[in-house]
Amino acid sequence: MTLHSRPARTAARRAAQAVAALGAATLLLTACGSDSDSGKSSGDKAGKADTASSQTRTVKDATGKAVEIPAEPKRIVTLTQEDLDAVLALDIKPVGITNGQGLDKPPAYLADKVEGINVVGNLLQPVMDKVVAAKPDLILAGDMQDEQVLKQLREITPATLVTMAPTDDWKLFFRGVGNAVNKLDAANKFITDHEAAAKAAGEKLGKNKGAEVSIVRWNPDGPSWMENKQFASGVALEMGLKRPKSQDKDGNAHTPSLSLEKINEIDGDWLFLSTLTSDGEKALKDVQSKPAYKELGAVKNGHAVTVDGSVWSTRGGPLAADVVLGDYVKALSAK
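Position one of the sequence shown corresponds to residue 15 (the working numbering), numbered consecutively onward.
Keep in mind the hints are simulated off the structure, nothing from the lab.
A few of these clues could be false.
Unchecked claim - Straight-line distance between alpha carbons at most 16 Å, and here's what the computed EDC-like set of lysine to aspartate or glutamate pairs gives:
1. Lys-213 / Asp-105
2. Lys-308 / Glu-275
3. Lys-127 / Asp-105
Start from the sequences and build out the full structure, keeping to the hints where you can.
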């Protein structure tokens, strides 16, 4: 089985993304913020003030590029799992999707919602003929950075939006998508409801209230833990859970793979383990028989939990956030 992750990027491109990240996030916030004069969301206001005709309006994408899009898009193609998650959460069924991160099929947690939808390629690697066949009037291109691919997509439809900046969290990204599809109010309500549910769930964890949770992806060459602003970590913090001292870092990524000698860094009251590839699964299975792994406090206490890496190890989305919340509740309410 061929597995697909986000395409590799050069160091120079990563550096350029880092410089642009704050501005892109600010543009999305501006597009999605409230307007005190009208009491309307700026997404609604933009839909009126920026309308080029009765059928189109202009929005800024995550790079700050002004893009004319349909006022009410009907045929949306999503190029990332996060874009797909977002539109489904807004009760929109796209006409074309890509396979999930680390997968050769759509992610399992969305499978029942995407039955019958054509797959147009792998994550951020669309097959152009398949995109053309989908006849999109709006393409949500995630964090696509390949200008050649973006050029080809814009030839299919100029209404092609980069929806994520490098440092955007799922809520900021989701609001941007909500703005693009004219459902910003629905996106904001989803976020408010999720935050309330997370807080309430955290209060009901009994002796596990405020527990330290280690969040780890096992790679073929060892484990890496997630920083505080990474997606699944953010859900934990919303619940009032804590991170082990060794993992209490404010980044939004994961660490390089650790050697077995540093395996204590992944310990905590609870250990949530995921993988993204079959090689990662094999490496995790192999280490689980080793003394160093068995001596971890979470393992000895029966607090090591395997979770779905195609949900936990992604940049996240509204539906994925609810899945992660449910996983925490299931594990931490059981003991």
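Exercise for review: Mind checking the alpha carbons of Lys-127 and Asp-105 for me, to see if they're no more than 16 Å apart?
Suggested key: holds, 10 Å
Review point. CA of Lys-308 to CA of Glu-275, is that 16 Å or under?
Key: Measuring from Cα to Cα gives roughly 13 Å; hence the hint holds.
**Study point:** Restraint check for Lys-213 with Asp-105, where alpha carbons must lie at most 16 Å apart
**Key:** Outside the cut-off at roughly 25 Å; violated.
When the structure is compared with the earlier hints, a violation turns up for hint 1 alone.
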